[in-house]
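Position chain H against the provided structure of chain A, taking the given hints into account.
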Amino acid sequence: MKGLLIISGLGILAMLAEIFKFKKLLLPIVLLGIIAAFALNFLEWQTRLDISYFDNMISFDKLAIAFSGIILLTAFFWFILANNYFDKSSSLVDHFALVLFALVGALMLTAFKNMTTLFLGIEIMSIPLYVLAASKKEDLKSNEAGFKYLIMGSFASGFLLFGIALIYGACGTFDIMKMRMFIEHNATQLPLFFYVGVVLILIALLFKVSAAPFHFWAPDVYEGSPTLITALMSTIVKTAAFAAIFRLFSIGFGSISEVWTSALALIIAASLIIANFSAAMQSNVKRMLAFSSISHAGFMLMVILANIRTNISLDAIIYYSLAYSIGSISAFGILYNVSRKGNEDISAFNGLSKNNPLIALCMTLAMFSLAGIPITAGFFAKYFVFTTLIGTPYKWLLILAIITSAVGAYYYFKIVIAMYFNKSEDDAPLIIENSNKFVIIISTFLILAIGIFPSFVSEIFKF
Amino acid sequence: MLTVLLILFPFISALIVFFTKGRLARNLALTFSVFEFIIALVAFVLFTHNPNLSILCFNHTWVQSLGISFSVSINGLSLLMILLTTFLVPLIILSSFNNLQELSSKFYGLILLMQMALVGVFAANDGFLFYVFWELALIPIYFICMLWGGENRAKITFKFFIYTLFGSLFMLVGLIYLYNHSGINGLKSWAIQDLYQAGRALNLDQQSAVFWLIFIAFAIKMPIFPFHTWQPNTYVNAPTQGTMLLAGIMLKMGTFGVIKWLLPIVPLALDKWGSTAIALSVIGIVYASCIAIAQKDFKRLIAYSSIAHVGLISAGILSANQQGVQGAIMQMLAHGVNVVGLFFIADILLRHTGTNEINKLGGIRNINPNFAVLFLIILLGSVALPLTNGFVGEFLLINGVYQFSPIAAAFAGLTVILGAVYMLRSYQQIMLGENKDSSFGVLASSEKLILVIICIVIIGLGVYPKPLNDIAEQASKDILINIK
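Those protein sequences? They're chains A and H, same order as listed. Going by the working numbering, 219 is the number at position 219 of the first sequence; the sequence numbering is gapless. Going by the working numbering, 215 is the number at position 215 of the second sequence; the sequence numbering is gapless.
Looking at chain H on its own, in the form it has when it is part of the complex:
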């Protein structure tokens, strides 16, 4: 029941927010999302005491003749993703408070709807339900990008939409194929365990087909090379909050999907095609890092750095070993927090100085040393310095990829070095040196609050990752049991 509440609550709050106006809407949205986070924390506490509580599961028949049921539950993996979602959404809403023009209630309603769909994706235990939530998540973000985006939004958002829709339709076919092979005595079922069984009973050729059908959907969402072409433009053109939703949470739908809805289904195909997919991921890492180095626009730089990070995550998952998957889960959490922080910094820079171009900025540290410190912490988290949240995951990931193939690990490891290059260089140019633009001024209190919260999480999880790490470890074991 608690899980249903987690899905339903944002939906109800979205409806309420749609019918309010002006400041009330945004304050309500913030309050609701904080409440949602508290519910998620309750789930977290309950889960750590006893992972098999019946209150965390819910199962009700939806379309009986087709074997579809509304089945949601919280396990380790989905709990972490839901925590990430519910933690980030309040911050994302708060980050809009300093926008120059006031945003309408529709904007906040859509964010909350998006949250509903995201929590649904992470909690779904039924293949069909998973697909429905997956598609539902696309619609609010489409409108958010479309209505509040930058100059070329129409064209760019369209590309994004068609791209992802295309991918998800392939996934639907893959899932239907599994469904048709599921069940005994002609009773087909969409339940996740039945799909797992159906997938493993297939032969190599069938598994390979299913693997690519489903993998393309996830690969587009993450995105990994060569399905990434929609991403940089969409990230740059979307409103800051939209970018945060896309990079912070929506991207995790892809990686989450690979862990829960791909690995355990097609073990044979993974043996055959895993190395190809890892190769694509690793190419993406190096390619995106090199482009990031050449970027002049800070927001675009973060967009490319995100491709590099997600490439490493996907390589870790596809190597299908304990370290790889566990590291991926940890890195998904860390990347979500860090990338939201970085995009928020880009937003602050843009609002305070009017530009995101690295060359035109400089010497902001002299004007606002506090901001410089906060920026530095987030940046170090993103380059995975020890004692920041990025370190645990990245270390495990490279370890996992190394077990799969040392060569792949060598190239994947480049992300650490190249990441440090583009991140530190942009920091140097933006924050240090001569003052090029003295208009930066002081931070508003809500801006400070967001940055401080993010920094606390970055350091906190870096120093003491144990509670989350334990859950991630158990979750990855649960998944890998199905493969071996």
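The following block holds chain A by itself, in its conformation from the complex:
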């Protein structure tokens, strides 16, 4: 909770930076704030379980702390990457403030205990992102991205509200635990509109994680938005929305899982197939990563599906989110540096192994991790998903996941091939600022470290 307060405070502070002229100091303050939030967050881990605030509207239990830890870690990396990105435009401060507010929303989504907080979290997170997506004002595509995101996102919010209203109508409460109790007591006599409400909420949240068939906005928005905003969307937003789905459906609607599991299984299958086969056909790296993030959403949803039957997969979810976030932030950080000349196609990576061998190696490892090649973090992430799913009736989904993983390797390796195999047009060495290099190298190190010692993470988050 203290972490959430600190980040909110930082957001307000960031807006004041322009007025009181401490723009230069803003980044160190933000970074220190995030570290403080991260630390305070984990201190609560030590104390008691489930301290709830505001009449049980929000509560940082271990699950919330773990997810917000991942979000804060990613945010820390993101701010270092972003420092120089917004330098040229004078609106650094606005950007920082907006991102910080989005972060507040994301943290709320990990910890909500009440439907109101869920809705607030989603809105607080999304509204800054609509603005950020359109923040390249002169760029037509960026405007398109913001507009699309806004319209589609508003629809999703509408669905969410409608769903919440229907469920409130059936249960008479916004509180998730009370709702759960109500469902368990009245399992046989729930009205039809309750189920409609569940499905509407599911659709709204799946829209946020961009699972197929609610993914159509994702490639355009990802491509049009500034690269680092895309990075933000595919890591922090995704983790937060995923945490929300997990909490709401595994805990809130866990006892009526038969209503939504078969639909979820189909959605996962569609996400895996559509995303991977579309990604294989992309030449724009950002679009490709957009589709790849859809496929990873499919993988993460699989854990939820498995978690209904077995209760061992909590650490699998945390591990997957962590591995995916780190791999993505590293990949996007490199992409942002490589595509500075304006070329976002795979050909931008041509000859990178000559121009900057270290960064090429980091990118290779990031791609390995996203593709799930051992001994990177992504491999263990996939491994955990496979192990949780193998004991469930969804074995066909497992086979599908394997086939699409092989397709996944195909497009991730396209970039690796371009780096090592194709010749670049100019041999100018790629120079990367030290701050960015720091983020890329640290995240690469993490990819390897938690890949070689997965027990480190899975032991910590054993509940």
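No lab work stands behind these hints, which were simulated from the structure alone. You may find that some hints are simply not true.
As the list claims (entries may be wrong) - Straight-line distance between alpha carbons at most 25 Å, and here's what the computed PhoX-like set of lysine-lysine pairs gives:
#1 A:Lys395 to H:Lys188
#2 H:Lys360 to H:Lys296
#3 A:Lys437 to H:Lys272
#4 A:Lys354 to A:Lys341
#5 A:Lys354 to H:Lys21
#6 H:Lys272 to A:Lys395
Below, chain H without anything else, positioned relative to chain A:
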């Protein structure tokens, strides 16, 4: 500890080689790989004195909560495979010394990394560790083929990579399935003995599923019909050293896997599906031999002949009797040495005359009789003439398959005849007859050295196979105890 050294040493040497340049890199790589071979020989000597030495085993917990441990050891089977690997890698490195353009240090570093992964695959005693090394072996060879391959390398290497990755993911699922059924009191474990137990406790349907999940990975790696379509193109397009690694050692990962990680796990499924798998292998033998006869390109011919040979090996293993498995182990050693020799000859032909097309070559014996003799010895080894290394294994293999099914043995036996046809005919056209191309010239000393070493091994193991054969016999008994 010695086993860990065998895995770690190539890794460290690879790191050192990556940071050197030019000639130094290749000389260092050669020296390191020779050292590695010496370490393997020490292990061999120790093993023959006392197979249960504690120095040959190593066990350390890796991920405790998942029951994964870094557990490696040397037993008879893995010792032979490690000997083969460490013997071939120096030769493979040496074979690159006469390349026209100098290869970079990356090339040698990758070969050494590959060696690390291969030794790891052969030594692993933990299912998870085995899988990790199995995948790790794929990455260096992918880069070797990709960076130094022939014309269509991008497309072909890709097919190879996706194909094998696909197979190994299925294997992973099979292994996870076993893992989930392993252990007592809820303590699951990846240790090989626990997986054996878990597998044997399954019923027939479950075993069948596991059998096919795991078998597909091995079948793609070997490759046996109908999973072989990646192989000829990959072999032809890869750089010679890559082809040697693929055919000489990597292929053995598949056959080794079937012996150690499939036979003892699923005995019931083997009874039911073994004949199907043998049928596939035998179809592969006849099919690949017939295509080999029609080949015009010598390198491609060897690639197809390799499918035929490996088909026989896999048929022998799947017949699951003493002769079959022992013969397979012996033939794996022989085939590794012979196929490397043959690919090296193809490489020499290409470098000296500029072509691998059988029709354009001829009469080289008149120019270089020494080369003709060395070529002939390697070729005879590969058609399994008595007193060459190929004979022992092939004889046992056909014997083993015969015990399983005389009809299968009759078709499998065709490999001997058809092999003689395509091998001798290509020899005849390339070496004998009129001079079509007089540019062959003399062999460089390193080329001569490699061929002579290979010929000595071929004849040496043909005349006196006993030391290795004893180990193979014991190893196959150890495996088969688990089945009966």
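To see whether the hints hold, each was checked on the structure:
1. A:Lys395 to H:Lys188: Between A:Lys395 and H:Lys188 the Cα gap is close to 20 Å, so the pair holds against 25 Å.
2. H:Lys360 to H:Lys296: Status holds; Cα separation ~10 Å.
3. A:Lys437 to H:Lys272: 57 Å, violated
4. A:Lys354 to A:Lys341: Within the cut-off at roughly 18 Å; holds.
5. A:Lys354 to H:Lys21: 15 Å, holds
6. H:Lys272 to A:Lys395: The given pair, whose Cα atoms are some 23 Å apart, holds under the 25 Å limit.
Hint 3 from the earlier list is the only one contradicted by this structure; the remaining hints agree with it.
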